[in-house]
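Asker: Sequence order for the protein chains is A and B.
Heads up, the first sequence is in numbering that gives the first Met the number 0, so the first residue is 0 and it goes up one at a time.
Heads up, the second sequence is in numbering that gives the first Met the number 0, so the first residue is 0 and it goes up one at a time.
FYI, nobody ran anything at the bench for these hints, they're computed from the structure.
For every residue, glycine included, the Cβ atom is placed at its ideal position computed from N, Cα and C.
Don't take each hint at face value.
Unchecked claim - Ranges between beta-carbon positions, derived for each pair:
no.	chain 1	residue 1	chain 2	residue 2	range
1	A	Val-364	B	Asp-345	37 to 43 Å
2	A	Glu-376	B	Gln-60	35 to 41 Å
3	B	Leu-177	A	Gln-386	38 to 44 Å
4	A	Pro-440	B	Arg-209	54 to 60 Å
5	A	Gly-544	B	Leu-177	55 to 61 Å
6	B	Glu-390	A	Ala-477	28 to 34 Å
7	B	Leu-177	A	Trp-549	30 to 36 Å
8	A	Trp-549	B	Arg-152	24 to 30 Å
9	A	Arg-375	B	Arg-209	56 to 62 Å
10	A	Pro-370	B	Leu-177	52 to 58 Å
11	B	Arg-209	A	Ala-226	24 to 30 Å
12	A	Ala-477	B	Arg-174	50 to 56 Å
13	A	Trp-549	B	Gln-55	34 to 40 Å
This is what each chain is made of:
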Amino acid sequence: MASTLLEPIAAGQTRFHMQGLAPDGRGIAVGRETLLVFPSLDRLVAFLGAYSEECSLDDLIPSLTLERARRDGGGQALLLRCAGGDSYALDRLGRMSTAVHGQLFTGSGTVFVRYRDRLAPFGYDLAGPGAPRPGPRSAEAVAADDVLVVDHDYQARYRTSDRLDPVELIQRLQLRPVPLPPGGLAEAPDLCGLHELALVLVAPGLGDRVLAYLWANQVAMAGVRVALAGERRASLLLRLRQPSGALLAVLHGIPGVELLVPVSPRAAVELGYRHPIHLASASSCLPGDEMYLFRGRVGRVERLDGAPQFIDGNYLVQSPIHVRAPASDHRAGTGADNRSDIRSDIRSGNEPGDARSVASTPLQVALRLRPSAGAREPRGALVGWEQAALLRKLVYLIPPTALAAARLAVLPQGMLVLTGSSLGGAGAGLAAGVGAAALIPLGTRIVEVAPGVLVPDGFELWPHVRPQLIRELLGLEAADHALFLGPDIDPLRLRPEHLIPLDAAMISRLDLAVSEAPPSELVRTGSLGGSDGGTAAAIVNQHLGRFALWGFGRVDDSPLPVLAGRELPPGSTPSQGE
Amino acid sequence: MGKRLAEFVDGFVAPLLAGGDVAIGPPVRPADFHELLADVHTLRHIHSGQVLALRQARAQQLLADPGLPDPDGEELALWVGLYNVLALDHPERERVWARAVTWQRVEQAARYWLQLSHPGNFEAALVRHLSVGAFIDLVRHDQILSGPDGEQRFVGQEVPRRRLRWAVPGALSVRDELVPWWTSNHAPEAERLLHDVLWASPVTCLLRPRQAPPGWNPLTAAAFLHERAFARVVCHGWAASRSWIEIGGAVLGALLFTLTGRPTQEPAADLHPPDLRSTQAPRRRGSPAMAAPMAAPMAAPLALQATPIDAGPGDVAALVGALIHVHFLRVLEFGARLGVAPSSRDRPVQMFLALPLLLPALAPVLGTPLPVDPEAVHAGFDTQVQRRWIEYVEHLGELIPRTVVENLLATLVPRVVKATPA
Numbered sequence: 000m001a002s003t004l005l006e007p008i009a010a011g012q013t014r015f016h017m018q019g020l021a022p023d024g025r026g027i028a029v030g031r032e033t034l035l036v037f038p039s040l041d042r043l044v045a046f047l048g049a050y051s052e053e054c055s056l057d058d059l060i061p062s063l064t065l066e067r068a069r070r071d072g073g074g075q076a077l078l079l080r081c082a083g084g085d086s087y088a089l090d091r092l093g094r095m096s097t098a099v100h101g102q103l104f105t106g107s108g109t110v111f112v113r114y115r116d117r118l119a120p121f122g123y124d125l126a127g128p129g130a131p132r133p134g135p136r137s138a139e140a141v142a143a144d145d146v147l148v149v150d151h152d153y154q155a156r157y158r159t160s161d162r163l164d165p166v167e168l169i170q171r172l173q174l175r176p177v178p179l180p181p182g183g184l185a186e187a188p189d190l191c192g193l194h195e196l197a198l199v200l201v202a203p204g205l206g207d208r209v210l211a212y213l214w215a216n217q218v219a220m221a222g223v224r225v226a227l228a229g230e231r232r233a234s235l236l237l238r239l240r241q242p243s244g245a246l247l248a249v250l251h252g253i254p255g256v257e258l259l260v261p262v263s264p265r266a267a268v269e270l271g272y273r274h275p276i277h278l279a280s281a282s283s284c285l286p287g288d289e290m291y292l293f294r295g296r297v298g299r300v301e302r303l304d305g306a307p308q309f310i311d312g313n314y315l316v317q318s319p320i321h322v323r324a325p326a327s328d329h330r331a332g333t334g335a336d337n338r339s340d341i342r343s344d345i346r347s348g349n350e351p352g353d354a355r356s357v358a359s360t361p362l363q364v365a366l367r368l369r370p371s372a373g374a375r376e377p378r379g380a381l382v383g384w385e386q387a388a389l390l391r392k393l394v395y396l397i398p399p400t401a402l403a404a405a406r407l408a409v410l411p412q413g414m415l416v417l418t419g420s421s422l423g424g425a426g427a428g429l430a431a432g433v434g435a436a437a438l439i440p441l442g443t444r445i446v447e448v449a450p451g452v453l454v455p456d457g458f459e460l461w462p463h464v465r466p467q468l469i470r471e472l473l474g475l476e477a478a479d480h481a482l483f484l485g486p487d488i489d490p491l492r493l494r495p496e497h498l499i500p501l502d503a504a505m506i507s508r509l510d511l512a513v514s515e516a517p518p519s520e521l522v523r524t525g526s527l528g529g530s531d532g533g534t535a536a537a538i539v540n541q542h543l544g545r546f547a548l549w550g551f552g553r554v555d556d557s558p559l560p561v562l563a564g565r566e567l568p569p570g571s572t573p574s575q576g577e
Numbered sequence: 000m001g002k003r004l005a006e007f008v009d010g011f012v013a014p015l016l017a018g019g020d021v022a023i024g025p026p027v028r029p030a031d032f033h034e035l036l037a038d039v040h041t042l043r044h045i046h047s048g049q050v051l052a053l054r055q056a057r058a059q060q061l062l063a064d065p066g067l068p069d070p071d072g073e074e075l076a077l078w079v080g081l082y083n084v085l086a087l088d089h090p091e092r093e094r095v096w097a098r099a100v101t102w103q104r105v106e107q108a109a110r111y112w113l114q115l116s117h118p119g120n121f122e123a124a125l126v127r128h129l130s131v132g133a134f135i136d137l138v139r140h141d142q143i144l145s146g147p148d149g150e151q152r153f154v155g156q157e158v159p160r161r162r163l164r165w166a167v168p169g170a171l172s173v174r175d176e177l178v179p180w181w182t183s184n185h186a187p188e189a190e191r192l193l194h195d196v197l198w199a200s201p202v203t204c205l206l207r208p209r210q211a212p213p214g215w216n217p218l219t220a221a222a223f224l225h226e227r228a229f230a231r232v233v234c235h236g237w238a239a240s241r242s243w244i245e246i247g248g249a250v251l252g253a254l255l256f257t258l259t260g261r262p263t264q265e266p267a268a269d270l271h272p273p274d275l276r277s278t279q280a281p282r283r284r285g286s287p288a289m290a291a292p293m294a295a296p297m298a299a300p301l302a303l304q305a306t307p308i309d310a311g312p313g314d315v316a317a318l319v320g321a322l323i324h325v326h327f328l329r330v331l332e333f334g335a336r337l338g339v340a341p342s343s344r345d346r347p348v349q350m351f352l353a354l355p356l357l358l359p360a361l362a363p364v365l366g367t368p369l370p371v372d373p374e375a376v377h378a379g380f381d382t383q384v385q386r387r388w389i390e391y392v393e394h395l396g397e398l399i400p401r402t403v404v405e406n407l408l409a410t411l412v413p414r415v416v417k418a419t420p421a
């Protein structure tokens, strides 16, 4: 006779043989924990994928643990444990697990029993005292890391071998290739999820050409350079809004260009692939602020630090103006080419009808300096070499905060003292005060017409271009400065290594002498100076004798002499003095 | 040459003027002063004119070529008064066998010597400033003995050797402190005399208006601003201070108080011609002999007639011009950052900041900081200074409430413009 390890629970039953079981609102026995047993990893992934399509994995992840376990009788299984919840949630889990050949148990701790089925709509409990108990090794004998599952006619003991991190598992899953629409991308971009937004990851060498192509086609784009792990040069990540199918088809066919479909605010999957998990419902699987790019062709997951800060693609297009590096950051110039490098960009291969590229060629003008009457805050001073001695003396007068924030660049024309907001973090202390450059009454004043673009005071760049665009046109990198010295002089590029702190540059190395004076002498020598410039005198109180006021009491004998007809203090008798 | 006078000069006057150790011992008695006064004519010969040289050197810190008069009895009285103020603050007063009334006599004598008449000319005023300014700058070298029982401060003295003789090595430690005397704590008698010290020197009060005694009238020294070199010293001294706005507010506040007055503080103003000193006298601290008759209704003539200060519209104009010039100096030095100004609700400070806005009304008398003539612009000032000054004045216009400007236009400007002959 077959022994039965479980017995069905009757309607309204509230007491159970198995600890941890409790009836929920519908009278169904539910444990505190739920156990799903999958025979293999692909079944588990299929379950997670199906669940993420229907519900949110974010509800499951906080209490979810994945364990690889070995069955006592032989064989392996993957155990998924999560919080018990109510019978509705367990019904859903049971339906999905059954579909992927998994088994659902409920219980708590180490012993789990079969969840309800058609034969026992209120669930199962361990059989009563008269019935055979589960196995020779009872539930009490199960070790803490082991799991004992009890079914109708068998019990299985799983011994946990290792634990899997569900978040890591989801991130490491291999993408599955999916076919593109039969008509190609040009026919139906919306079928691929690219109708509204598309991300394009461009290999480092192709960035400029792709940008130029998109710019010429008037594609609304924004981009950012991202440094991918293991690559020396930054790749270009572009964001295209409502791209046309034809454009996507062109980009998709370019080696080195990958189209990514945004599947959630922080995840994008390469076109032609899909992630086994529905990532939109699994935001907790992508911790932190990073953005994840799942690349199927190369089989990598790229993590970007934080959400990418896209900037308008027009500013990324390669500049037609080039700035020559300073002939010598150093007084001994290299004698480099002195010709102006500002030249117009002759774009070849203009498409007919593209008014922007066709009409602008004859309109292109040079960016040049012209005199201006506009007032600007001085950001620097170019001090000639003949005034170096004066600058050396002025350093003593500059306030400490201004001195610390000032930078010095050594040019063939002289010394450039720079302060202000263009220096980034160094100028934080200057927000409320005056920079050292503004205090130095020497040389030529330098003002800032755009962030990091310096011109002599009284000049401006003509025509008026947006300040950010000037930097883009000059091809300046983040911490670079450009210095225009005059209308007929080529601009100089100042890299961060050209700018050295003024105090460090001007103040020579100090030699410390060993003090031999006792502390008391040091205090004496450091006496306070007078306000009028003289030396302040110091009071030394001599010892007073007992009779120091001798003579003050005898008013009559020692009258106060009268000075210029003035009143005498009471008790004093005037004498006929002066 | 009096030996006593030479000792006094060596021990007090010379180190006070030149910077050194000022030896303070028993107070100078009236009899001693009588003796010193008899030899005052020998002062210029003491140590081959050492005092004259020291005075000249100190005065040259302010002016390039000060023409100082020879020391006289008044200056000697000032020195003796200053010395006795320091003697009243002596830490060993408790050792002296004397009653409290005797110390009061010392205080009265010191006040008597410090009550000098208004200096007749600038040189006489400058001479007083040399001594009083050095007196304010005095420092004191204290030694503090620290031990297991606590600390003991030896004020202006060294720790006696007997205190250290039998001490366990390492149990006691001595450290030194340098204390500015003027701002430290004083004996009550010396504290009461500090205002008298400042009243003795109008130039000092003008150079350091924030230390001026209550009721101080800047017009007492405004006439000296006609000295071009001295006006330059005053303006640059004010402008060089970090608290130049507060200084300007203090000067202008005192000036406006003098000009407009308050009815409760001038009970006898109708009976007497404008005696500018009478407005300040009742507010003087520690002058009971004068304060009582001055505060009473003046039915009878005063026992001590204050020297009338003949400050006219020209003096007011000089003072206002100096204050406006301070603004210009700050603009020249890029120092006119008004970060503190909007938060200041002090009325005198706001009035001081409003002064450049009165320039259109005051220009016929005071002129303008920048030349109006375009040729002069090319000759001297560059356009940047002009631009900064215009920006500064416009900024002030946005900053200062209109009521402040209108108040000044009604009170201050008529006393400069209408009353001054063109």
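Asker: With reference to the structure, classify each hint as holding or not holding.
Answerer: Here is how each hint holds up against the structure:
Hint check: Val-364 (chain A) to Asp-345 (chain B), Cβ distance near 56 Å, so the stated range 37 to 43 Å is violated. Between Glu-376 (chain A) and Gln-60 (chain B) the CB atoms are about 37 Å apart, so this pair conforms to the stated range of 35 to 41 Å. Between Leu-177 (chain B) and Gln-386 (chain A), the C-beta spacing of about 39 Å keeps the proposed range 38 to 44 Å intact. For the pair Pro-440 (chain A) and Arg-209 (chain B), the supplied restraint of 54 to 60 Å is violated, since their beta-carbon distance comes to about 30 Å.
Restraint check, Gly-544 (chain A) to Leu-177 (chain B): a C-beta distance of roughly 27 Å breaks the suggested window 55 to 61 Å. A beta carbon spacing of about 33 Å between Glu-390 (chain B) and Ala-477 (chain A) agrees with the range 28 to 34 Å that was offered as a hint. The supplied range of 30 to 36 Å is met by Leu-177 (chain B) and Trp-549 (chain A), whose beta-carbon atoms lie about 33 Å from each other. Between Trp-549 (chain A) and Arg-152 (chain B) the CB atoms are about 28 Å apart, so this pair conforms to the stated range of 24 to 30 Å.
One distance hint, 56 to 62 Å for the beta-carbon pair Arg-375 (chain A) and Arg-209 (chain B), is violated here, with the actual separation near 37 Å. The supplied range of 52 to 58 Å is met by Pro-370 (chain A) and Leu-177 (chain B), whose beta-carbon atoms lie about 56 Å from each other. Between Arg-209 (chain B) and Ala-226 (chain A) the beta carbon distance is about 60 Å. The supplied range of 24 to 30 Å is therefore violated. Under the hint 50 to 56 Å, the C-beta atoms of Ala-477 (chain A) and Arg-174 (chain B), about 53 Å apart, fit the expected range.
For Trp-549 (chain A) and Gln-55 (chain B), the Cβ-Cβ distance of about 37 Å falls inside the hinted range of 34 to 40 Å, so the restraint holds.
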